[in-house]
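Undergrad: Heads up: the sequence lines are chains V and B, in that order.
Just so you know, this note's numbering puts 10 at position 10 of the first sequence, and the rest follows in order with no gaps.
Just so you know, this note's numbering puts 82 at position 82 of the second sequence, and the rest follows in order with no gaps.
It is possible that part of the hints are untrue.
[What the hints assert, rightly or not] Simulated pairs of lysine to any residue, SDA-like, Cα-Cα distance not exceeding 25 Å:
| hint | chain 1 | residue 1 | chain 2 | residue 2 |
| --- | --- | --- | --- | --- |
| 1 | V | 57 | B | 51 |
| 2 | B | 54 | B | 115 |
| 3 | V | 102 | B | 40 |
| 4 | B | 37 | V | 63 |
| 5 | B | 37 | B | 65 |
| 6 | B | 5 | V | 59 |
| 7 | B | 37 | V | 8 |
| 8 | V | 57 | B | 46 |
| 9 | V | 102 | B | 56 |
| 10 | B | 71 | B | 40 |
| 11 | B | 37 | V | 79 |
| 12 | V | 102 | B | 16 |
| 13 | B | 5 | V | 42 |
| 14 | V | 102 | B | 72 |
| 15 | B | 37 | V | 61 |
| 16 | B | 5 | V | 60 |
| 17 | B | 37 | V | 58 |
| 18 | V | 102 | B | 42 |
| 19 | V | 102 | B | 83 |
| 20 | B | 37 | B | 63 |
| 21 | B | 37 | V | 7 |
| 22 | B | 68 | V | 100 |
[To be verified] So the derived label-pair ranges between C-beta atoms look like this:
| hint | chain 1 | residue 1 | chain 2 | residue 2 | range |
| --- | --- | --- | --- | --- | --- |
| 23 | V | 17 | B | 78 | 41 to 51 Å |
| 24 | B | 3 | V | 14 | 27 to 37 Å |
| 25 | V | 70 | B | 83 | 32 to 42 Å |
| 26 | V | 52 | B | 55 | 36 to 46 Å |
| 27 | V | 60 | B | 78 | 18 to 28 Å |
| 28 | B | 26 | V | 57 | 15 to 25 Å |
| 29 | V | 2 | B | 40 | 44 to 54 Å |
| 30 | B | 16 | V | 59 | 39 to 49 Å |
| 31 | B | 112 | V | 44 | 21 to 31 Å |
| 32 | V | 60 | B | 81 | 34 to 44 Å |
| 33 | B | 76 | V | 28 | 42 to 52 Å |
| 34 | B | 16 | V | 8 | 32 to 42 Å |
FYI, nobody ran anything at the bench for these hints, they're computed from the structure.
Glycine included, each C-beta is placed from N, C-alpha and C at the ideal position.
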Amino acid sequence: KAGVTQTPRYLIKTRGQQVTLSCSPISGHRSVSWYQQTPGQGLQFLFEYFSETQRNKGNFPGRFSGRQFSNSRSEMNVSTLELGDSALYLCASSLGGSGSEKLFFGSGTQLSVL
Amino acid sequence: DQQVKQNSPSLSVQEGRISILNCDYTNSMFDYFLWYKKYPAEGPTFLISISSIKDKNEDGRFTVFLNKSAKHLSLHIVPSQPGDSAVYFCAASRAGGTSYGKLTFGQGTILTVHP
């Protein structure tokens with residue numbers, strides 16, 4: 001069974017640009033969550049999608065958005081990039097996304113904003 | 001507001017000995033706890049979890065202990081192996097309610113196992 005796949009692995013952008021990251025969950029998993037990892041803040045929850053609907057959201061500005069498609073694949077978008085957005089962005093999937101399920105993480109997209 | 005804390009940034013252990021990683025939490029609503037292992041430039045890999053209705057869960061060399069009254073959990077690795085060297089994250093969630101997909105992570109502990 002293939003794991004969670006994230007593309008691209010690395011991305012370099014400049015301030016003010018926008019970026020779209022992609023995530024394919026494990027087959028059969030309908031919940032997709034996104035996390036940001038930085039040295040200072042650690043792993044922070046961005047949002048969660050299930051059946052194309054955002055069910056949960058962390059404390060990030062509106063520049064961070066996402067969506068989920070009917071095949072459970074998900075994308076997240078960051079607009080008007082800032083230097084502080086440089087981070088490892090991780091996608092995780094689970095069957096239903098309940099609080100008592102373990103999450104399976106992808107390898108992440110390393111975003112550098114110059 | 002750090003709701004999950006791993007107070008030891010690093011831990012060094014000799015191969016074959018026990019590694020004990022600790023984690024404290026402040027939110028009494030958390031009732032499901034997990035440990036993840038992470039290598040640089042990779043995503044976290046699930047190790048073991050425990051529900052708040054239990055105080056111990058074992059899986060091979062890994063055992064997690066939960067002390068609800070102290071809001072403390074620990075991960076024991078016995079025996080430790082050099083391949084266990086990685087960053088270990090403690091995470092917590094609420095099993096019910098609206099915690100869809102949300103884990104609250106500690107800052108991580110770097111474990112180094114020396115041959």
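Undergrad: Taking each numbered hint in turn, which are not upheld by the structure, reported in ascending numerical order?
TA: 2, 4, 10, 11, 12, 15, 27, 29, 33
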